[in-house]
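> Chain by chain, the residues run as shown.
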Amino acid sequence: ETGVTQTPRHLVMGMTNKKSLKCEQHLGHNAMYWYKQSAKKPLELMFVYNFKEQTENNSVPSRFSPECPNSSHLFLHLHTLQPEDSALYLCASSQTSGGSYEQYFGPGTRLTVT
Amino acid sequence: KNQVEQSPQSLIILEGKNCTLQCNYTVSPFSNLRWYKQDTGRGPVSLTIMTFSENTKSNGRYTATLDADTKQSSLHITASQLSDSASYICVVIFMGNNRLAFGKGNQVVVIP
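Just so you know, the sequences run in chain order P and U. When we follow the working numbering, the leftmost residue of the first sequence carries the number 1, and every step to the right adds one. When we follow the working numbering, the leftmost residue of the second sequence carries the number 1, and every step to the right adds one.
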């Protein structure tokens, strides 16, 4: 276990549904990240939060809405998704001061949009 | 064009054999290079971390090398085991802003 948990592990949703992905880190890190991993593509950074503040949004469509209530929890709210949004969504955390900045990844949520 | 290119894309090897995975990158300057192992249905887990001044780093049967002059890294797996079946991802970290550049991964399948 890496100290980063994600729920649910699998999610199937229709294009008109609204769902949320949850991530929790137990490492005392200050930064949290959402990544999208599609088949045969490199991981794509979606959002970065540092001390609960969003510091990066990589031109992600508004149908993905992140929320970071505190440094240990991160959510990704989903609505009116498209089939091409089907992918593995990975959460990660890191400490951004005085260390190696290494990111620790959760197990991911496998999302299928029908 | 991706800043981190990995080869081969996929590889099948017999249990007990060795293999070497390649990573070429264009990120410059960079602070460190990492190899991650990602089992099917899991998140990536760090195997090795090398700074730009290091040439080699080992973690059990995994040995990573780095040539900063040619911008190449390799990951060597010795005496492969069935549990080595996974995707191995090369990640280069930009110096200064600590952004990560990911390769697509090398998919390794170890067969008995």
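Please note that the accuracy of each hint is not assured.
In silico PhoX-like links for lysine-lysine, alpha-carbon gap of 20 Å or less [what the hints assert, rightly or not]:
| hint | chain 1 | residue 1 | chain 2 | residue 2 |
| --- | --- | --- | --- | --- |
| 1 | P | K40 | P | K22 |
| 2 | P | K41 | P | K19 |
| 3 | U | K57 | U | K71 |
| 4 | P | K18 | P | K36 |
| 5 | U | K104 | P | K36 |
| 6 | U | K71 | U | K17 |
| 7 | P | K52 | P | K22 |
| 8 | U | K104 | P | K40 |
| 9 | U | K57 | P | K41 |
Rather than coming from a laboratory, the hints here were simulated on the basis of the structure.
> Determine which of the earlier numbered hints do not hold for this structure and return their numbers in increasing order.
Per hint list: 1, 2, 6, 9 violated.
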